[in-house]
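**Q** Take a look at the letters that make up each chain.
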Amino acid sequence: MPEVSGTEEDVMSKLPAEFPGAIREIRVTRPKVVKVVIDRKDLLPVCSFLKTDLGFEHLSCISAVDWKDHWESVYHLYNYTTGTTVQLNAVIPYDDPSIESLVKLWNAAYYHEREAWDLMGITYRGNPKLERILLPKDFRYHPLRKDFPQETERQYISRRKLKTGGR
Amino acid sequence: MVEFWVNMGPQHPMTHGLWNMRVKIDGETITDAEPEIGYLHRGYEKIMEVREFQKNVVLTDRLCYVSSITWSHAYCLACEKMMDVEVPPRGQWIRVISLELQRIASHLMWLAAYGPDLGLLTGLLWALRERELFLDLLQLLSGARMNQNFPRIGGARNDLPPDFDKYCFKIIKHFREKLDEYESLFHDSKIFRMRTEGVGRISRADAINWGVTGPNLRACGVNVDFRRLEPYETYDEVDFEPQVWKGGDGGDSYARFMCRFNELEESCRIIEQAVKKIPEGPYRAKAPRRAEGEGFARTEDSRGEALFYVIGDGDDRPYRVKIRSPVFCTMAATPIMLRGYKMADVVSILGSVDVCVGEMDK
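These protein sequence lines are chains A and B, in that order. Quick note: the first sequence uses the numbering used here, first residue 1383, plus one each step. Quick note: the second sequence uses the numbering used here, first residue 199, plus one each step.
Hints listed in this document are in silico derivations from the structure and should not be mistaken for laboratory results. Please note that the accuracy of each hint is not assured.
[What the hints assert, rightly or not] The calculated SDA-like cross-link candidates involving lysine to any residue, where the alpha carbons are at most 25 Å apart (straight line), are: (1) K371(B) - L331(B); (2) K253(B) - R1527(A); (3) K1417(A) - E247(B); (4) K444(B) - R374(B); (5) K1433(A) - N421(B).
Isolated chain A, as found in the complex (with noise of 0.2 Å):
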């Protein structure tokens, strides 16, 4: 039998070897689930070496986060052959919301791309269509943002919101 490739040891000790100083943090969160930090610009070499020679051929999700200083692009890659996922995080600057798309290596990619610039606005470099999909082609913002306005102001208030102004 061949060996597999792609377990969770694979990606702990192939990784930080194949990208020495690219990597910024890598942590086994929970049995058969690794974390992986990375810069933006490292993105595709990591996902094509994830891809082929590790195994990772489901790109299973794409979130955008904003953490108000600083965004990040989660990739939720996952190995049908030995059930290991590795989540990725791109950190993008605050200023220059863009990444390099993935569409290249995952065709997967190319709705979960729209969906993210079209509710959290971070550009995809390189995808054939990053247009609006779930909002109306008219508007104007991407409502995901942390400075979009809730409106819990009207609509719902919690006692502890009362209590403390809210956030």
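With chain A held as given, fit chain B onto it using these hints.
**A** Chain B in isolation, oriented as in the chain A frame:
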């Protein structure tokens, strides 16, 4: 010949909801297609940021009204991973039972919609008749026919009602007899087979690359079932067979139909084992109000892989929630399934994908 675009939707009997499939046709042949979605976007991820963790369960129910328990369960599971809450065994078994009941109800709703798409009106009436039995079971369990609001972060809302196993056995025994009738209605119908076999093919590599999951991926012959591959709750203790298409290259409408149809029987098997094996004890653990950190959980929803990614910042409300909807990703791959087939096959292909607009548009 001149090629032109035809809108199938937003109001079309095929769409089962509000979305638009634009197909480019050359005569009768489809040369290109483009889904247009977003008509039902309600801004779930934004709304959830201002509700408390436990209160979001009622929202996630409404993601897909056909299979609400599977969705609120996926959210609860992600929150439990973040908060490090361990669900007591009885709670896990109750969840397994409710999940599988919901899966059967969801698949029967799909069958009821797929039948009349292809001219089998009897399929609608029969499947909805049997679906009502499973909704009765869910009502017995949780008090509501639909949108049950049943899972909780840390367990389930209430215990099993008395004699629940007897009702389950009775209904499943009745349902098995009806399944044989379904087989003669669908599998033996020559028209149904002609309209589904060899239509809407997607290759195995394409399906994985485009992020197709669930029964649609298993129809391509890929043995991926998250209940088996990454067992959550107590799925590692029950004996069931993930339904994978084994007859040839597959990936067509008929293979997708068969995988879903056979899952009905597998879910019955899981429920039978679960109500026998369920231990005594508490069914709900206490979950903290506030949480910090991040957690994600993926479950095998009735339509594919459901993933919730929840981030907490120490407040009693999530900082960010990301919902990965299986239909949203499958929708990206539908142009590949459609290209090269006839205009009349659109209904057969998109019906077999099992679209639920509520979860697709979030």
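**Q** Hint by hint, work out which the structure violates, then give me just those numbers in ascending order.
**A** Failing hints: none at all.
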